[in-house]
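Letter by letter, the sequence shown follows residues 1 to 185 in the numbering used here.
Hint data in this document are derived by calculation from the structure and do not stem from the laboratory.
Warning: the hint list may mix true and false statements.
Said to hold, decoys possible - Computed Cβ-Cβ distance ranges for the label pairs, DEER-style:
1) G26 x A59: 40 to 48 Å
2) E138 x G11: 31 to 39 Å
3) E7 x V95: 29 to 37 Å
Stated by the list, open to error - Below are the DSBU-like pairs computed for lysine-lysine, each with C-alpha atoms no more than 35 Å apart in a straight line:
4) K97 x K10
5) K4 x K105
6) K93 x K4
7) K105 x K93
Since this is a predicted model, take the numbers as computed values, not measurements.
Backbone N, C-alpha and C define an ideal beta-carbon position, used for all residues, glycine too.
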Amino acid sequence: MNEKLLERVKGFEETLEKFPEVRYAGDPVLRQSALEVTVEEGIQLGILLGEVLLRYREAVGYGRGFAAPQIGENKAVFVTFVENKLQTFINPKIVEKSKETNFYKELCLSSGIMSADVERSVWIVMEWTDTEGHNHSERFDGFLARLYQHEEAHLRGKLNLDEAVDGGIEFMLFDPLKEQLRDKR
């Protein structure tokens with residue numbers, strides 16, 4: 001068996017032990033549509049999700065977002081860590097997206113050592129509530145559009161593995177920190 005693959009499997013087994021609260025592909029909670037929450041519930045879940053995401057980043061060296069279903073909470077909340085800042089999105093909804101798309105080999109905490117080449121919209125408009133109770137509607141492009149689409153998909157009961165292009169699922173043998181957005185597969 002491929003040595004790089006064996007190394008990834010061993011690393012994933014160690015990760016499983018460190019993060020017992022994380023749900024993985026096959027868990028029914030990851031297949032449910034998340035329920036809206038109050039701002040107070042969103043704040044509490046955001047704190048918990050942020051703590052798990054930061055611990056995960058410290059353990060494995062990457063990770064940009066985490067959604068409530070990934071810890072068994074069927075609630076419409078996700079957090080992101082971008083530019084050294086945690087941000088909580090309460091009841092987010094993508095209300096518009098471009099027809100133009102790009103591709104990226106996405107990783108997911110809930111997909112273990114599998115990556116999925118996923119085609120997503122280049123830009124989106126997303127609405128959400130922040131931890132101060134303020135409502136937002138904003139357009140996002142490029143990497144942020146992709147990240148938010150990935151996290152919002154969790155709230156619809158979808159994993160990156162579900163949204164992969166045909167033949168686009170593979171063991172993660174590449175360096176995830178070097179993957180780039182692509183215009184074509």
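Here is how each hint holds up against the structure:
1. G26 x A59: 40 to 48 Å: At roughly 22 Å between Cβ atoms, A59 and G26 fall outside 40 to 48 Å, so the hint is violated.
2. E138 x G11: 31 to 39 Å: holds, 36 Å
3. E7 x V95: 29 to 37 Å: 42 Å Cβ-Cβ, so the 29 to 37 Å window is violated.
4. K97 x K10: violated, 39 Å
5. K4 x K105: Holds, at roughly 18 Å.
6. K93 x K4: With Cα atoms ~38 Å apart, K93 and K4 exceed 35 Å; violated.
7. K105 x K93: holds, 23 Å
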